[in-house]
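Knowing the structure of chain A, use the given hints to seat chain B on it.
Top to bottom, those sequences are chains A and B.
One rule links them: number in the numbering used here = place in the first sequence (from 1) + 7.
One rule links them: number in the numbering used here = place in the second sequence (from 1) + 24.
Please keep in mind that the hints were generated in silico from the structure rather than gathered at the bench.
Possibly wrong hints are sitting among the right ones.
[Stated by the list, open to error] Going by beta-carbon spacing under 7 Å, a handful of chain B positions derived as facing chain A: (1) 26; (2) 28; (3) 39; (4) 192; (5) 343; (6) 345; (7) 346; (8) 347; (9) 348; (10) 421; (11) 424.
[Unchecked claim] In silico DSS-like links for lysine-lysine, alpha-carbon gap of 30 Å or less: (12) A:34 with A:221; (13) A:187 with A:218; (14) B:201 with B:181; (15) A:34 with B:422; (16) B:422 with A:127; (17) B:196 with B:181; (18) A:218 with A:34; (19) A:221 with A:187; (20) A:127 with B:417.
Note that CB positions come from ideal geometry on N, CA and C, so glycine has one too.
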Amino acid sequence: MAAEALIRTEHLFKQYETAAGPVPVLKDVNLTIARGEFVAIMGPSGSGKSTFMNILGCLDLPTSGRYVLDGRDVRALEANELAALRNRVIGFVFQGYNLLPRATLLDNVALPLLYAGVAKDERSRRALELLAQVELAGLAHYVPNQISGGQQQRVAIARALVNQPQLILADEPTGNLDTKTSHDIMEQLVRLNASGRITIVLVTHEPDIAKYAKRLVRFVDGRITHDGGVSVEAIEEAPA
Amino acid sequence: MMAPMLAEAWHAMGANRLRSFLTMLGMMIGVAAVIMMLAVGQGAQFAVDQSIASMGSNLFIVLSGSATSGGIRMGMGATPTLTTGDAEAIGELPSVAAVAPIMPGTAQVIYGSSNWSTMVAGTTPGYLELRDWALESGYAFTDSDVRSATRVVLLGKTVAQNLFGDTDPVGKTIRIKQSPFLVIGVLAAKGQSLDGRDQDDTAFIPVTTAQRRVFGTQFPGSVRFIAVQAVSSDAMSAAERDMTQLLRQRHHLPDRTDNDFDIRNLTALANAAAQTTRVMSIMLGAIASISLLVGGIGIMNIMLVSVTERTREIGIRVAIGARQRDVRTQFLLEAIIISLFGCVVGVLLGVGAAVAANLIGSVPVVITGSAMLLAFLVATSVGVFFGFYPANKAARLKPIDALRYQ
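Chain A extracted, bound-state conformation (with noise of 0.2 Å):
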């Protein structure tokens, strides 16, 4: 099972460093995430839900501990070496979607692939693919103000998908939408996990929400106080 997991974390230690000492906001985080699996991860504000996500997505480095992502131990990495593993394992979903304002709908959806070294043609035929996956082909050579949050939050999830990566880290990918769309995003995300191919790892504070996954975790205070099954009393057992 170890060698299989898509993610591994053992003993994770994060501090940030104030003017008032060093606040530990991670405590010997362990957790294994396994390929094809649909984490979501809850826990009220300053549990250190947000700050795991960023070590996920090899935004933020832990103070100590080992974080093995797809194989490899991410503090030996180099800068470079992170960012493709940002551009070809890795997509994000953000709750503030995080498109480009001023670049079409095609060209934020393209941008990883400009980053992979994707050739031009190529580029604009598989984000323009992504784009009719998410249903909004049509739109493509709109801008993202001119569209919906919840238009917006499927494109960015084209983006996320467009390098086909092994790895969606999705963090609070609902706060913005209303409850409708929400669950629209979640089935979306849902028929992506049910291919197989692609791991899910969601935080949300929405009880709603975190049953579409399949395991939970709960942050509470930098330490994980359930990982387990979703269920109702394992979501009610503390609300964020």
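Coordinates of chain B only, in the frame set by chain A:
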């Protein structure tokens, strides 16, 4: 990889048109100033070089000296102490290549119904050789013309044009001070001298003719000055020493008396003039470069603002896989585009201003491809140099900080 990056840089600049334009404006003014100053400086240098070339090389002018008469000191050339004999004697010196006595005066020259006042100079055939002055048509007078004081004249280009227009003056007869002179040749145009005189507004006649028939003088054989050419620039000081010795001897000057002649080294004057313009040219360029530098700092300033403004964008790019190199390239490209664009417009402005200065202010300008190339290269390097720090700052942002930036 480069093409989409260029397109993005272009896009980013389009988003802030006024700001990009103002940044470019700094660059434009800098480049235009450099181009224009170089054009003016090189133009001045060219004009001086041309005057020097038209003057002839390694030249001396020997003037008859001052005299004291009853306690009143007269200026240079007041007493005609130099003679054609002096000139011939100087010609014998080994350090001297050519020599020509000159007897100038102003006279009205008349042809048919046209007339023109000009400088008529009596001289010998050696003068043309010494000034490296070619004939446009006809032929020069000879030593035998000088010996027999014939009434022949060589016209400068300006005089020929004023008297004859487009017709060929050779073979026509003009009148100088009421005497008829046969025009035997027209000199090629030489243009302005160093002090701004029109060197073509002149006519040459044999020196003997000038002495005896045109500017009658009470001192037979005297001339106003003698033009001397040394054999080489290295022989200049030897020639000056030899001439001084010779003339003192010929004029029977006892020791400890002043020379009654004055030897002026024209080449030294010309070199000083050339040196002055060269210094001026460099200074103009240096002053203009300061505005280029200021333009560059403007680029850096705007790029730093741009990096701060777009921190979040940088964060997004990094999150989806941009390497430091990609981010750096993107911002560097923007800086280079701004400076290149500013440079192209600046070159056009500078060339336009130089041409305008030439047309309106009659300032001599020389616009060279190398000056434009230089401005181009400098502008690009300014873009790279001043763009590098902001670009590097963007590239070194921590992804998580950039992404969290509001």
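Hint check:
no., hint, verdict
1, 26, "11 Å, violated"
2, 28, "6 Å, holds"
3, 39, "6 Å, holds"
4, 192, "71 Å, violated"
5, 343, "5 Å, holds"
6, 345, "2 Å, holds"
7, 346, "5 Å, holds"
8, 347, "4 Å, holds"
9, 348, "6 Å, holds"
10, 421, "11 Å, violated"
11, 424, "4 Å, holds"
12, A:34 with A:221, "25 Å, holds"
13, A:187 with A:218, "15 Å, holds"
14, B:201 with B:181, "20 Å, holds"
15, A:34 with B:422, "23 Å, holds"
16, B:422 with A:127, "29 Å, holds"
17, B:196 with B:181, "15 Å, holds"
18, A:218 with A:34, "26 Å, holds"
19, A:221 with A:187, "21 Å, holds"
20, A:127 with B:417, "28 Å, holds"
Of the numbered hints given earlier, the model fails hints 1, 4 and 10; all others are met.
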